[in-house]
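Take these sequences, add in the hints, and give me the full structure.
Residue 131 in our numbering sits at position 131 of the sequence shown; the count goes up by one each step and never skips.
In case anyone wonders, no lab produced these hints; they're calculated from the structure. Glycine included, C-beta positions come from ideal geometry on N, C-alpha and C. Any given hint might turn out to be false.
Unchecked claim - Across the chosen pairs, the derived CB separations fall in these ranges:
id, residue 1, residue 2, range
1, 102, 6, 52 to 62 angstroms
2, 25, 101, 31 to 41 angstroms
3, 50, 105, 11 to 21 angstroms
4, 118, 75, 17 to 27 angstroms
5, 28, 90, 44 to 54 angstroms
6, 52, 30, 52 to 62 angstroms
7, 117, 92, 20 to 30 angstroms
8, 12, 132, 50 to 60 angstroms
9, 26, 79, 40 to 50 angstroms
10, 130, 25, 33 to 43 angstroms
11, 78, 18, 40 to 50 angstroms
12, 132, 13, 51 to 61 angstroms
What the hints assert, rightly or not - Straight-line Cα separation of at most 30 angstroms, DSS-like style, residue types lysine-lysine; simulated pairs:
id, residue 1, residue 2
13, 78, 99
14, 78, 9
15, 130, 99
16, 111, 78
17, 99, 111
18, 121, 111
19, 111, 130
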Amino acid sequence: MILSETAIKRPVFTSMVILAIVVFGTISFGRIGIDLFPRVEFPIITVLTALPGADPETVESTITDPIEEAISTINGIKHLRSTSSEGFSQIIVEFELEKDVDVAYQEITAKLGAIRSTLPKDMEDPVVEKFDIDSSPI
1 MILSETAIKR PVFTSMVILA IVVFGTISFG RIGIDLFPRV EFPIITVLTA LPGADPETVE
61 STITDPIEEA ISTINGIKHL RSTSSEGFSQ IIVEFELEKD VDVAYQEITA KLGAIRSTLP
121 KDMEDPVVEK FDIDSSPI
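If you want it as structure tokens, here you go:
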């Protein structure tokens with residue numbers, strides 16, 4: 001009641017309050033930091049391996065399964081998916097959003113280094129890549 005009475009009895013005061021709110025809102029809007037294309041990092045890491053000439057079952061049993069077992073011990077994994085095809089293996093590791101992708105990358109690299117001696121000798125070195133939305137085609 002008091003607010004409505006003041007607005008009716010003092011229209012100039014009410015107009016000045018509204019004008020002040022609009023001015024401060026305009027100034028604040030100009031100072032808000034907004035990016036047109038904000039930098040977003042998804043905690044997803046891909047491990048690619050190649051064993052030329054090997055069938056999918058061999059790739060799965062000698063490469064994919066040991067790497068999955070080693071990587072699955074890392075904390076913060078949300079999903080772990082793998083694909084084994086002829087001479088090729090792909091493991092996609094998705095972490096919780098709170099997980100720092102650089103730390104996850106280092107942990108995966110360390111796990112791969114620890115089990116490298118148990119993997120086939122003729123296998124090419126694993127390629128570990130962070131998912132980068134900026135490198136994806138539009």
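Evaluation of the provided hints:
1. For the pair residue 102 and residue 6, the supplied restraint of 52 to 62 angstroms holds, since their beta-carbon distance comes to about 57 angstroms.
2. Checked against the given bound of 31 to 41 angstroms, the beta carbons of residue 25 and residue 101, roughly 37 angstroms apart, stay inside it.
3. In this structure, residue 50 and residue 105 meet the distance hint of 11 to 21 angstroms, their C-beta atoms being roughly 20 angstroms apart.
4. One distance hint, 17 to 27 angstroms for the beta-carbon pair residue 118 and residue 75, holds here, with the actual separation near 22 angstroms.
5. For the pair residue 28 and residue 90, the beta carbons lie near 48 angstroms from each other, so the given range of 44 to 54 angstroms is met.
6. For residue 52 and residue 30, the hinted distance range of 52 to 62 angstroms is satisfied, since their beta carbons lie about 59 angstroms from each other.
7. Between residue 117 and residue 92 the C-beta distance comes to about 24 angstroms, which sits within the given range of 20 to 30 angstroms.
8. The supplied range of 50 to 60 angstroms is met by residue 12 and residue 132, whose beta-carbon atoms lie about 57 angstroms from each other.
9. For residue 26 paired with residue 79, a C-beta distance near 45 angstroms keeps the hint of 40 to 50 angstroms intact.
10. Checked against the given bound of 33 to 43 angstroms, the beta carbons of residue 130 and residue 25, roughly 40 angstroms apart, stay inside it.
11. Range check, residue 78 to residue 18: Cβ separation about 49 angstroms, and the 40 to 50 angstroms hint holds.
12. Between residue 132 and residue 13 the Cβ separation comes to about 56 angstroms, which falls inside the hinted range of 51 to 61 angstroms.
13. Using a Cα cut-off of 30 angstroms, the hinted pair residue 78 and residue 99 holds, with the two alpha carbons roughly 10 angstroms apart.
14. For the given pair, residue 78 sits about 62 angstroms from residue 9 by alpha-carbon distance, which is inconsistent with the 30 angstroms threshold.
15. Of the supplied pair hints, the one linking residue 130 and residue 99 holds, its CA atoms being roughly 13 angstroms apart against a limit of 30 angstroms.
16. A C-alpha spacing of about 18 angstroms is found between residue 111 and residue 78, which places the hinted pair at or below 30 angstroms, so the restraint holds.
17. A distance of roughly 17 angstroms separates the Cα atoms of residue 99 and residue 111; the hinted pair therefore holds under the 30 angstroms criterion.
18. A distance of roughly 17 angstroms separates the Cα atoms of residue 121 and residue 111; the hinted pair therefore holds under the 30 angstroms criterion.
19. Taking the CA atoms of residue 111 and residue 130, the gap is about 16 angstroms. The hint holds against a cut of 30 angstroms.
This entry does not satisfy hint 14, going by the numbered hints stated previously; all others are met.
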